[in-house]
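The sequence shown maps to residues 83 to 137 in my numbering.
In case anyone wonders, no lab produced these hints; they're calculated from the structure. For clarity, every value in this text was computed on a predicted model and none was experimentally measured. Think of the CB as a built atom: it goes at the ideal place given N, C-alpha and C, for glycine as much as any other residue. Do not rely on the hints blindly, as some may be mistaken.
As the list claims (entries may be wrong) - DEER-style ranges, computed between Cβ atoms:
#	residue 1	residue 2	range
1	Gly101	Leu126	31 to 39 Å
2	Ser127	Glu89	30 to 38 Å
3	Glu89	Val110	19 to 27 Å
4	Lys124	Ala104	41 to 49 Å
5	Ala104	Ser129	31 to 39 Å
6	Arg115	Glu89	47 to 55 Å
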Amino acid sequence: MATGPPEPRKFTRGLNKPGTAAELRQSVSEAVRTSVLMVRRKQLSLSLLSYKTTI
C-alpha cells in the first residue's frame, strides 16, 4: 500500500492561499454569533412585552 502526501480536504481544496480557510471559519463564526445574539435580544424583548401586557 503506497502512502503519498495526504489529499487536501474538499473544503480547503478550492482556496488559493494558506490561512484562507481559517479566516473564512472565523468570519462565519462571528456572523453566527452575531445572529444568535440578535435572536436572543428579540426573544427577550418579546417576553418583556408579553409580561407587561399581562400585568
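Hints, one by one, checked against the model:
1. For the pair Gly101 and Leu126, the supplied restraint of 31 to 39 Å holds, since their beta-carbon distance comes to about 37 Å.
2. For Ser127 and Glu89, the Cβ-Cβ distance of about 49 Å falls outside the hinted range of 30 to 38 Å, so the restraint is violated.
3. Our hint of 19 to 27 Å for Glu89 and Val110 holds, since their Cβ atoms are close to 23 Å apart.
4. Taking the beta carbon of each, Lys124 and Ala104 are about 31 Å apart, not inside 41 to 49 Å as hinted.
5. For the pair Ala104 and Ser129, the beta carbons lie near 37 Å from each other, so the given range of 31 to 39 Å is met.
6. The supplied range of 47 to 55 Å is broken by Arg115 and Glu89, whose beta-carbon atoms lie about 32 Å from each other.
Consistency with the previously given hints fails for numbers 2, 4 and 6, ordered from lowest to highest.
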